[in-house]
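Here the protein sequences line up with chains A and B, keeping their order. Here the first sequence is numbered in the working numbering, starting from 1 and rising by one per residue. Here the second sequence is numbered in the working numbering, starting from 1001 and rising by one per residue.
If you're looking for bench data, these hints aren't it; they were derived computationally from the structure. Among the hints, a few may not be true.
[To be verified] A partial selection of chain B residues facing chain A, derived with a Cβ cut-off under 8 angstroms:
#  : residue
1  : Phe-1355
2  : Glu-1357
3  : Ile-1382
4  : Asp-1384
5  : Glu-1385
6  : Arg-1391
7  : Lys-1405
8  : Pro-1406
9  : Gly-1471
10 : Thr-1536
11 : Pro-1539
12 : Asp-1671
13 : Gln-1674
14 : Gly-1677
[Stated by the list, open to error] Some residues of chain A that are not near chain B, with every Cβ distance over 10 angstroms (derived):
#  : residue
15 : Pro-32
16 : His-150
17 : Met-183
18 : Lys-208
19 : Gln-271
20 : Asp-274
21 : Lys-326
22 : Ile-377
23 : Gln-410
24 : Ala-417
25 : Glu-443
26 : Leu-445
[To be verified] Result set (DSS-like, lysine-lysine): computed pairs, CA atoms no more than 25 angstroms apart in a straight line:
#  : chain 1 : residue 1 : chain 2 : residue 2
27 : A       : Lys-77    : B       : Lys-1513
28 : B       : Lys-1604  : B       : Lys-1006
29 : B       : Lys-1469  : A       : Lys-245
30 : A       : Lys-77    : B       : Lys-1680
31 : A       : Lys-166   : B       : Lys-1680
32 : B       : Lys-1660  : B       : Lys-1325
33 : B       : Lys-1632  : B       : Lys-1620
34 : B       : Lys-1457  : B       : Lys-1443
35 : B       : Lys-1680  : B       : Lys-1696
36 : A       : Lys-166   : B       : Lys-1552
37 : A       : Lys-247   : B       : Lys-1469
38 : A       : Lys-243   : B       : Lys-1469
39 : A       : Lys-85    : A       : Lys-266
40 : B       : Lys-1552  : A       : Lys-167
Even for Gly, the Cβ is constructed at its ideal location relative to N, Cα and C.
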Amino acid sequence: MSSKKLQYERPVIQKLNVGLMNKFGTRTEYTPLTHIDGNSVRDLLGKFGSPLFVISERTLRRTFREANRAFKTRYPKVQFAWSYKTNYMNAVCNAFHQEGSWAEVVSGFEYEKALNNGVPGNKIIFNGPDKTEAELKAAIANNSMIHIDHLDELYLIKELAMESNKKPRVAIRVNMDTGVYPMWDRFGFNYENGQAWDAINKIMLNDKMELVGLHAHIGTFMLTPSAYGMAASKLSHLALEIKKKYKKSVQYIDMGGGFASKNTLKGSYLQGIDASPTFDQFAESICTSILNAGFTDTDLPLLILETGRALIDEAGYLLGTVVSNKRLSDGRRATILDFGVNILFTSFWYDHKISPAQEFSQYTEDAVLYGPLCMNIDVIRENITLPPLKRDDHVVVHSVGAYNMTQWMQFIALRPAIVMIDKDGNSHIIRKRETLDSIEKDEVLPKYLKDFKL
Amino acid sequence: MKEQLKFFRDSIAGSYSQVFFSDNRWFALLLGVSTFVDPYIGISGLTCVIFSVVLAKLLGFNPALIRNGTYTYNVLLVGLAIGFYFSFNPAFFVILFLSSFLTLMVSAWLASSLGAKGIPFLSLPFIIGTWIMLLSTRTFQTVKLSERTAGTLSHWGSFAGASLVSIYHKTASFIPHLAVIYFKSIGAIFFQYNIISGLLITIGLLVCSRIAFSLSIIGFITGYFFSYFIQGDMSELEYSYIGFNFILSAIAIGGFFFVPSTRSYILAIISAPLIVLVISGLGTIALSYSLPLYSLPFSFVVMLVIFVFAKRYTITKLHLVEYQKYSPEKNLYAHHNNMERFKNDTYVHIHLPYFGEWFISQGHDGEITHKDEFKHAWDFVITDENKKTYRLPGADVKDFYCYEKPLLAPAAGLIVSIEDGVDDNIIGDVNVEKNWGNTIIIKHTEFLYSKLSHIKKDSFKVKTGDYVKKGEALAVCGNSGRSPEPHIHFQLQSNAYLNAGTMDYPICYYLTKEDEKYVFHSFENPQEGETVLKATPTPLISQAFHFIPGMKLNFSVKKGNETTTESWEVFADSMNETYFFCKTTGSVAFFTNNETLLYFLSFKGDKNSLLYYFYLGAHKVLLGYYQGVEIKDALPVSSFYGGVTKFLQDFTAPFHIYLKANYVASFSEVDNEQNPGMAKIISSAYKGTGKNGTRKMEFEMELSNNRLNKFTVNNNGLCITAENII
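Let's have the full structure, built from the sequences with the hints guiding it.
Next up, the structure:
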């Protein structure tokens, strides 16, 4: 140790704070993360280039099993459906399918993706406000569960059902007041004002469709489990009333997604890890409500969960490299990284936890983290306490598995590669780094714009 | 009209075959023929039967009892007696009709008075009728005794030609003495005290029933040798109408009213000496009035035995036949099949009292508290894949998976007692003062109560005096009483008291889970260490097998190159038993659907019909889908065996049934484990048992659109495909 040359660290100037610290102490993020599932960050970046998304299959499966156990120990019939929009990398989807998840898709594109991943049609839940006629036809032919969002869709399915020899398996999406703000009421039919019953009656009185389930998706990044309990009671009540009125048991209650991950929302006082409920808390609230709603065991519905974010967020890491350091006009330190909001879309919502990937001394400095884009909005963290990073140092962004790999933009720069580390620690590339070709292959240049000399 | 004729044919045939406890028409014909060996007697008997059947029909007696000959077999015997005693003249026929009418009324009276107590009247009406005739006619000058009566007690007087008689006597001399008496005795039942009739009847009896035949011999020999042993009046036995008492009693006790078994055979053997006693005893009294005893000893002893055995307090052996099939063999095989299939079906159906899969942390005869008089109880908890009952840190009741899970009524009943107000213990602590904690006791039937303990305080959704349905939510699991960690204690008991001891009573249907595979159990006690769940129906399967009366099913049946159609309709009879009636072949298959299982009970009709294959292929179907579950069942012996094999088995069947036929069914495919829209069930019926069984028939049922869509049969290479056409 003593023979090793001490690493150079640039000096930092720190304002002397007097008075009390806040109750969490001064939070610093200098505990380095040098390895992910046994793979060194430096090696991964050296092998696959920087920046790089890394998915830990170990974490993915562990999280899924934890969630599954939380529900299965509380409710006899539980089924997860992987929310494609959260992360539809085929490798990720198939890892979840291997764990027993069905697929939940919200567009024709995702529907096709699910079919290509080998999900049987009758295990695909088709959500979303925009389903084309062709997509609906395919969904009907495949016996998929179609979650109706609005009456126009209901009428369209009715028409298609007349032509088809198959009975579409439909569910309605119900929105409701669960005591949280904002109340999501743009999707589906409202519970309190009777729209939901209107839609149910329209389906039940039409023998061309089969009402197989009830669906609610009450919000996103929900921090209150009791809201789910409320939603589950209201859906159970609907199901029991349907049974009473039409002598028909609905096959399932779909509680949608929206469970918060361990990320910290911008403006949140508490850290995500402290603020976010556990799967057990969500499960307790939902399962207790359904079990105590008054179902008999013959019509106890299947409980479907479309949890996305909470299952994949922690399994995803973004690895990047410091481009430069500079000092802003007000004296704050700014660090420019080689990834920005173009590929880390969620930095608009979260104060992502970012760790350095190499050892430092105990000295830290407040800094702003910028991305590489030539855009003013490209800020990864407005304020973070990090050790003094220098050019070519590496950083790791935690919990980026949800939404980044689907909402990222090919803007200014090309999108990076994605690597999955399997349970034995082997890394597999699951999406290649984009090249100029991958962007231009779909471009068509009119002939008259081709051959000229500038 | 055709129906009417059939009715009369059956009624007349029944009158003959009933005497030998059979409903076989061919046997009846043979018996009829045997009565005509002495034609006068035969004519007299047949006249009485026809007269009384018509009369019974006109008077509006129970048509089912007329049809099977219950009212009229005694009339037949009286008719034969009159034909035997008196010579034909106009007065003879007056007496004949009057005595028929009298016997018919006595039969009807006894049928309703004794029948209500479940006791057969056997040939009492015949005794009453005959005695009244014999006593009354002594004073009537117009009625002449026939000459054959003179020889009755010494030897059989001949009315046939001399040459025939000599042939008869020559032949008879070759037959051993005992056999001659046997044949004569059996013939004497129909007042044909000759070897020809006896031989005819014996052959008929053998063809009809091996058990009845063997019993007739055993009974006869026992009676004969017992009389010999006590130095009784052998001449009376040999030359009078007495020997058949042994024969009839042996058949009645050994094989007809009791399910044939070693014990029933022993009982039949024991009854023979009893009859000897009754013969000697009653005989003395009857003789003083010059009355023959006929079948009185048989009737008396058999009625006595049946009455006494039916009133036993515990019946584990020597079962009386409940549904008379008029054949010892049929009774026996049906009984065995039922015992094998539904041995515990008389229990009240007690289900597990919760939703989902729970683990038995303490079962019967548990190490901790399920001891002595409390040994038949279960403790249930919920575990995760590591067999832990809680999530970390596990310091609070809420960390335990089963805490606050709903508890359900195990069966319908009345809430007789609720104990509430005991707080949950902190983890690890126990409350030995209120050791049951919060408890609910439900009365299901007399002497059957269920008790659930360690419930969470204030969680009761029902109150004392409420009636609950099966599966209704009662309360939630807590940690009160002697409960170191949340669990439920479940037991069955015979009274309503909180501290009542437990009762060994099975759970009706449940599944155990091991390595993601399920095993189905019916009427068993779940064991400690098992993960157990209720068998709940899957909508697709329960709807596809939900056959309601009035429902019609039409199948397009493809057998090789030919395509036919077969139509079934579902009916329910007056006993609330549901059955399929195949209009195409006239076959009938009875089935039961109890919401957990669909199973077939019996089949009658064409064994080449699709319905017969369905009866075998869907012999027992679990109405819920569970991965890897196998449903096993026993099939009736007659489904695979016939001819000589079965003929030989019949002889030893009361002691040992070595022919076996079995059934196994499982799910081969589902499109979706959670809510299947399509499922395939494969089943097979095979000879023998277990892995050594030779498979003979394989079936596949395809369910989709909530109905049975396709049914395929592979019967030793013969492929039948039936499609359900709407």
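Status of each hint after checking the structure:
1. Phe-1355: Interface hint status for Phe-1355(B): holds (5 angstroms vs cutoff 8 angstroms).
2. Glu-1357: holds (7 angstroms)
3. Ile-1382: holds (5 angstroms)
4. Asp-1384: holds (5 angstroms)
5. Glu-1385: holds (7 angstroms)
6. Arg-1391: holds (6 angstroms)
7. Lys-1405: holds (7 angstroms)
8. Pro-1406: holds (5 angstroms)
9. Gly-1471: holds (5 angstroms)
10. Thr-1536: holds (5 angstroms)
11. Pro-1539: This interface hint holds because 7 angstroms falls under the 8 angstroms limit.
12. Asp-1671: Constraint on Asp-1671(B) satisfied, holds at 6 angstroms.
13. Gln-1674: Status holds, d = 5 angstroms.
14. Gly-1677: holds (6 angstroms)
15. Pro-32: Holds, since 28 angstroms exceeds 10 angstroms.
16. His-150: holds (25 angstroms)
17. Met-183: Nearest chain B Cβ is 28 angstroms from Met-183(A), so the label holds.
18. Lys-208: holds (13 angstroms)
19. Gln-271: Label holds. Min Cβ-Cβ 20 angstroms, cutoff 10 angstroms.
20. Asp-274: Answer for Asp-274(A): holds, closest chain B Cβ roughly 17 angstroms.
21. Lys-326: holds (46 angstroms)
22. Ile-377: holds (42 angstroms)
23. Gln-410: Holds, since 38 angstroms exceeds 10 angstroms.
24. Ala-417: Holds, since 35 angstroms exceeds 10 angstroms.
25. Glu-443: Consistent with the label, Glu-443(A) stays out of reach of chain B, its closest Cβ about 43 angstroms off (over 10 angstroms).
26. Leu-445: Holds: least Cβ distance 48 angstroms, greater than 10 angstroms.
27. Lys-77(A) with Lys-1513(B): holds (15 angstroms)
28. Lys-1604(B) with Lys-1006(B): holds (18 angstroms)
29. Lys-1469(B) with Lys-245(A): holds (20 angstroms)
30. Lys-77(A) with Lys-1680(B): Within the cut-off at roughly 21 angstroms; holds.
31. Lys-166(A) with Lys-1680(B): holds (19 angstroms)
32. Lys-1660(B) with Lys-1325(B): holds (21 angstroms)
33. Lys-1632(B) with Lys-1620(B): holds (8 angstroms)
34. Lys-1457(B) with Lys-1443(B): holds (22 angstroms)
35. Lys-1680(B) with Lys-1696(B): Roughly 20 angstroms between the alpha carbons, so the hint for Lys-1680(B) and Lys-1696(B) holds.
36. Lys-166(A) with Lys-1552(B): holds (23 angstroms)
37. Lys-247(A) with Lys-1469(B): holds (18 angstroms)
38. Lys-243(A) with Lys-1469(B): holds (17 angstroms)
39. Lys-85(A) with Lys-266(A): holds (22 angstroms)
40. Lys-1552(B) with Lys-167(A): holds (23 angstroms)
Going down the numbered hints, you'll see the structure goes against none, and every one checks out.
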